[in-house]
Structure formats: structure tokens, C-alpha cells
Amino acid sequence: MASEKRLRIKTLVMVLAMVVCANAGDLLLKRGMTEIGAVAITPSGVLHAFWMTVTSATIWVGILFLIGFMVSYMTVLSWADYSYVMPAGAFGYAILTLLAVILLHESVSPKRWVGVVLICVGVLLVGQTKPRTTEAAAMQKVTA
Amino acid sequence: MSGGTILLLAVLICGSTFGEIAMTYGMKATGEPARLRPKALLIFLGRAVCNGWFWVAIPLMALSFYALLVLLSWEPVSFVIPASALSYVVGTLGAKYILKEEVNAARWAGVILVCIGVALVAAG
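Line order of the protein sequences matches chains A and B.
Plus 813 on top of the position in the first sequence (first one is 1) and you've got the numbering used here.
Plus 174 on top of the position in the second sequence (first one is 1) and you've got the numbering used here.
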């Protein structure tokens with residue numbers, strides 16, 4: 814049972830890393846693009862926007878977070894069920910809403926709060942199922 | 175809702191589901207990293223990108239992402255994200271029938287709540 818507990822803890826840590834990296838990455842990209850401003854759809858406008866994005870530190874930090882997301886996502890899928898990881902990832906929507914309220918003092922509609930509660934209950938329900946239901950050996954044989 | 179929107183939604187949902195299922199196949203075939211340390215993770219990533227399923231997954235996920243971008247330019251976010259939340263249900267069906275994962279009642283209930291929750295958050 815000790816290994817079961819270890820599996821649960823490392824899955825939880827990786828899913829949290831996934832959610833934090835994905836949200837931080839998205840927010841930084843959004844912030845970086847807002848700093849750059851609306852892109853003019855002309856050859857020189859696109860070229861200028863391209864240059865602004867590749868020289869923007871905010872965009873690069875955002876990309877690093879998104880790489881972090883991809884690595885944690887790939888890692889967690891190497892041991893946990895897809896049907897376990899996928900709904901758990903939705904926890905990010907709940908965190909984003911809380912951040913919007915706490916940091917940005919945005920007002921949140923009752924409908925959105927109901928959504929946040931449903932996501933939390935759903936993630937808790939999925940979270941208490943076994944993180945892995947397939948056999949390690951059976952899947953190792955699968956190669957492209 | 176136009177035919178194009180429906181088609182793109184199908185591409186979005188199927189692309190992400192099949193892409194992620196291919197990714198799961200690839201990662202399960204790669205096997206767990208020996209330890210969760212930078213060096214072991216790099217070795218793990220090196221092995222993962224040598225797996226064919228990884229290269230099946232990436233174009234499918236990219237296709238789904240482009241479908242999302244086009245959809246967002248056609249329809250409001252409050253329609254696109256709730257509609258794409260259907261991919262939680264499609265993904266779970268894929269996990270059950272393609273990946274042969276055990277999806278018990280608690281997991282199904284959780285997935286359906288998450289799906290409705292995401293739709294409400296995006297629509298609200």
C-alpha cells in the first residue's frame with residue numbers, strides 16, 4: 814500500500830505542476846502580447862510583431878512555463894491514467910477564477926461560481942479513484 | 175451554428191482526444207522516468223521523442239489547437255470553450271475503449287461534473 818500512496822502523491826504533485834505551468838504560461842503570453850499591442854495584418858506589421866515577440870522577456874518566460882507544462886504532462890502520463898489526468902487538469906479553471914477575484918478584484922457571476930464548485934467536486938471525485946488502472950507490462954509492448 | 179463551425183468543433187474535439195490518447199500510448203510505452211530529477215527527466219524526454227506515438231500525437235494536438243484559434247475568430251469564447259468541454263466526455267470514452275482504462279462510476283460522475291463546470295465557468 815506504501816507504493817499506492819507514493820503513486821498518488823507523485824501524481825498529485827505532477828498534476829499541480831501541470832496546472833500551475835499552464836496557467837502561468839497562458840497569463841504571461843497574454844500579458845506579453847498585450848504589451849506588444851494589436852498586430853497589423855500586413856507583411857511589415859507581422860514581421861514587426863514577430864520581432865517584438867522574440868525579443869520580449871515576458872513571452873520567453875511564458876514559453877518556458879508552457880514547456881514546463883508539456884514536460885509535466887508527458888511525465889504524469891507515463892504512469893497515470895489519461896482519464897485521471899485530463900479532468901484533474903480542469904482544476905486550473907477554478908484556480909484562475911479564484912485568482913481573478915483575489916488579485917484582480919473581478920466580479921464573478923453566480924453561474925461561474927456554480928461552475929467552479931462543480932469542477933472542484935468533479936476533480937475530488939476523480940481524485941479519489943485509482944490513478945492507474947492499466948498494467949505497466951501490457952502497455953510497455955505498445956510501440957508505433 | 176454553421177456547418178463550418180460544427181466541422182471545426184469536431185476537428186477540435188477529435189484532434190485533442192486522439193492526440194492525447196496517442197500521447198498516453200507513447201508515454202506508457204516509454205515508461206516512467208527513473209527519478210523525478212532533471213537528469214532522469216532529460217533521459218525520459220529523449221526516449222519519449224524517439225517513440226513513434228509522440229510524433230502521431232503532436233500534429234493531432236497542433237491541428238486541434240489551430241481549429242481552436244479559427245473557431246475563436248468566428249464565434250465568441252463563451253460559446254467555444256463550453257462546446258469544447260465536450261472533449262472531457264469524448265476523452266473519457268476514448269480512455270475506456272481505446273486505452274482500456276477502468277472508468278468506474280465515481281470517475282464518470284467526476285468527469286461529467288467537470289465538463290458541466292467548465293462550460294458554466296466559460297459561459298458565465
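Keep in mind that the hints are not guaranteed to be accurate.
Distance condition first, Cα-Cα at most 35 Å in a straight line; then the derived DSBU-like pairs of lysine-lysine [what the hints assert, rightly or not]:
no. : chain 1 : residue 1 : chain 2 : residue 2
1   : A       : Lys-924   : B       : Lys-213
2   : A       : Lys-943   : A       : Lys-924
3   : B       : Lys-270   : A       : Lys-818
Some chain A residues flagged as far from chain B (calculated, every beta-carbon gap over 12 Å) [claimed, not checked]:
no. : residue
4   : Leu-820
5   : Glu-848
6   : Ser-857
7   : Leu-860
8   : Gly-902
9   : Gly-935
10  : Thr-947
Hints are computed from structural coordinates only; laboratory data are not their basis.
Glycine residues also receive a C-beta, built at the ideal position from the N, C-alpha and C atoms.
For each hint, the structure was consulted:
At roughly 45 Å between alpha-carbon atoms, Lys-924(A) and Lys-213(B) are farther apart than 35 Å, so this suggested pair is violated. At roughly 31 Å between alpha-carbon atoms, Lys-943(A) and Lys-924(A) fall within 35 Å of each other, so this suggested pair holds. The hinted pair formed by Lys-270(B) and Lys-818(A) meets the criterion: a straight-line CA distance of about 24 Å does not exceed 35 Å. A beta-carbon of chain B is positioned within 12 Å of the beta-carbon of Leu-820(A); the least distance is around 10 Å.
Once the 12 Å rule is applied to beta carbons, Glu-848(A) is consistent with being away from chain B; the minimum gap is 20 Å. No beta-carbon of chain B comes within 12 Å of the beta-carbon of Ser-857(A); the shortest separation is about 22 Å. Here Leu-860(A) stays apart from chain B, with its beta-carbon at least about 20 Å from theirs, past the 12 Å limit. Against the 12 Å criterion, Gly-902(A) falls within the reach of chain B, whose nearest CB is about 9 Å from its own CB.
For Gly-935(A), the condition that its CB be more than 12 Å from all CB atoms of chain B is violated, with the nearest at approximately 3 Å. The non-interface label for Thr-947(A) is inconsistent with chain B: the shortest C-beta to C-beta separation is roughly 6 Å, within 12 Å.
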